[in-house]
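**Student:** Chains A and B, in that order, are what the protein sequence lines are. If you're matching positions, the first sequence starts at 115 in the working numbering and goes up one per residue. If you're matching positions, the second sequence starts at 12 in the working numbering and goes up one per residue.
None of these hints come from the bench; they were simulated from the model. Keep in mind it's a predicted model, so treat the numbers as computed, not measured. There could be a bad hint or two in this list.
Here are the simulated lysine to any residue pairs, SDA-like style, with alpha carbons at most 20 angstroms apart [said to hold, decoys possible]:
#1 362/A with 179/B
#2 357/A with 204/B
#3 362/A with 429/A
If you want the ones that stay clear, here's a sample from chain A, every Cβ over 12 angstroms from chain B, calculated [claimed, not checked]:
#4 126
#5 160
#6 164
#7 175
#8 226
#9 291
#10 321
#11 354
#12 357
#13 358
#14 362
#15 369
#16 394
#17 419
Ideal placement from N, C-alpha and C gives every residue a C-beta, glycine not left out.
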Amino acid sequence: MTIQFNDETFYGDFTFKNSDWAIKRFPFPFHEDSYMYSVNMEPHKSYRPGSVFERTFDVDEHYVSEMKDRARVLANDPLRCQSLPHMTLAGWDLVELIMEAKAAEYPDLFELHKDGNRWRWVNKPLGIDDTFTFLDESTLPYGPMEYITRQTQGDFAVLDQRDDNLWMDAGMVTTQADWSLDFDIGMNFFEWHAPVPKAHEMGIFVRALKFLLNIQQGQPARRLNWTMTINPLLDTSPENYHKWGVMKQGLTRENIGDKQHLRVELQTFFRLPRSNALVFPIRCYLISFNDLVKVPKWARRLHRVIRDLPEELAAYKGFIDNRPLMVEWLSQFDDGSPTSDGIWPDDD
Amino acid sequence: MPKTQFPPSITSRPVYGELEARSGGGHLMIADAEGAEAILDLAKSVDQGFWAKAHIIYIPKTTGTKYSSQLEELGAGQYYAGPSYEAAQGRIRRALQDCHMGTQVYLTGTESLMGQAMAEATAAGIPHTAIQTEHRGSTARRMQCVHCKGITEDVTTDPFECSHCGLSLFVRDHYSRRLAAFQGVRVDAEDPGNIPEKVELFK
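Could you put the whole structure together from the sequences, leaning on the hints where they help?
**Tutor:** As structure tokens, then:
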């Protein structure tokens, strides 16, 4: 099918909107009526046609506007995209991974023509038609990682692997759940996760690292993560927290359905062939509470999850003050009836 | 002043050890303020030959001349006392460049000094196994404002005012070795003007 791209904003007047199609395919992250941290990895295989798990890099109706928002954020703060000098090869690996996947899986939107190392890349939604020499930086308008991630939804952390650890040595980060690439660049896996409560003691990061170090080429993995955001603001960065933090005030019973969004990250992990780096795309999906409760199962389940979430997690995820209001509002959609296993709506 | 015992913290926060003399082709010692005491303690266990190959770079900060003459009398091949880390930075870089395989690097004093010198040493390619650290003296923190990116030195209270943009920031334990700084985040972002009273957390 051909995607109709929305013309919308993720800041200021916040005209972002999900179509019925986008609501139906939303990656609801709770497979049961409660939530606790887990490694929850599964193979990133094509699954459920039409879902966000079908393609290697999901492209949806928000693509063009998200890329505009990324360009805006980068213009305001170029440090959101950084790559330490030894990571350039990994950037080329990423160029190849994304271009090949998108050209194969969305032939109506993207084309890749190769003549040896001379590559022609056509990105129809963004109106790009570039010819360049693979592995020659001087033939692209940006470094390779920046070039391709200005054309791909989701944040990207590119992780070097050495000393049995992963090092955040490059990234494109404009749609993040409140962490700073500029501060965290160069950190290892345990250091950049240091502020997360509870999960260290639970052994989550030791197990996750072990899993990630062993990811093989051609066998990517994925997991979902989530948080809450007021307004469909993609750039919830610590850099701009002094501007957006105040939006958490003023949530009322009348506006919560419109303003409060569940923010879900589809995290995927790919081994890169030349550099042996790991690329970690973090794709953000937003849905307003009003849209979410259109799926009765999700409404009932979200009410129970938020109501029963441990205090520490609600604080870490930044919605502890608004939780009582969220629970009260969501409770009107929860008649107490059971919910089926798994994340999918019942009407399927 | 004995070495500092820090409370348990998160995994990005550095931990420090205790300096010990190691055999090596040279000894580069970078210290500030009470860090001098760690060098003087180490001096009790080494023979005179050790100092001929040593280079001491010392920034007394508020300790004035309390330790500088004792350090000078150790007889290091090179001894330098400077007025600030910034003033000494060029010399520190040069000394690290001049290190040979096997040179031992000793960093001691405040976290700000150790963190900055550690970042320089790493950038100069000194293996981490050849670098030792020991904390002495002030626990004041070097903070980066996550909003304006400015660094504020010697922070002793939480919250504190960013010396660049003026926002009131709370002090996190999250630490970047690359920046040699802890992270400061606007304390009243969600409720502008509601700034909690300052508490002296570090001395």
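**Student:** Among the hints numbered above, which are violated by the structure, and what are their numbers in rising order?
**Tutor:** Hints 11, 12, 13, 14 not satisfied by this model.
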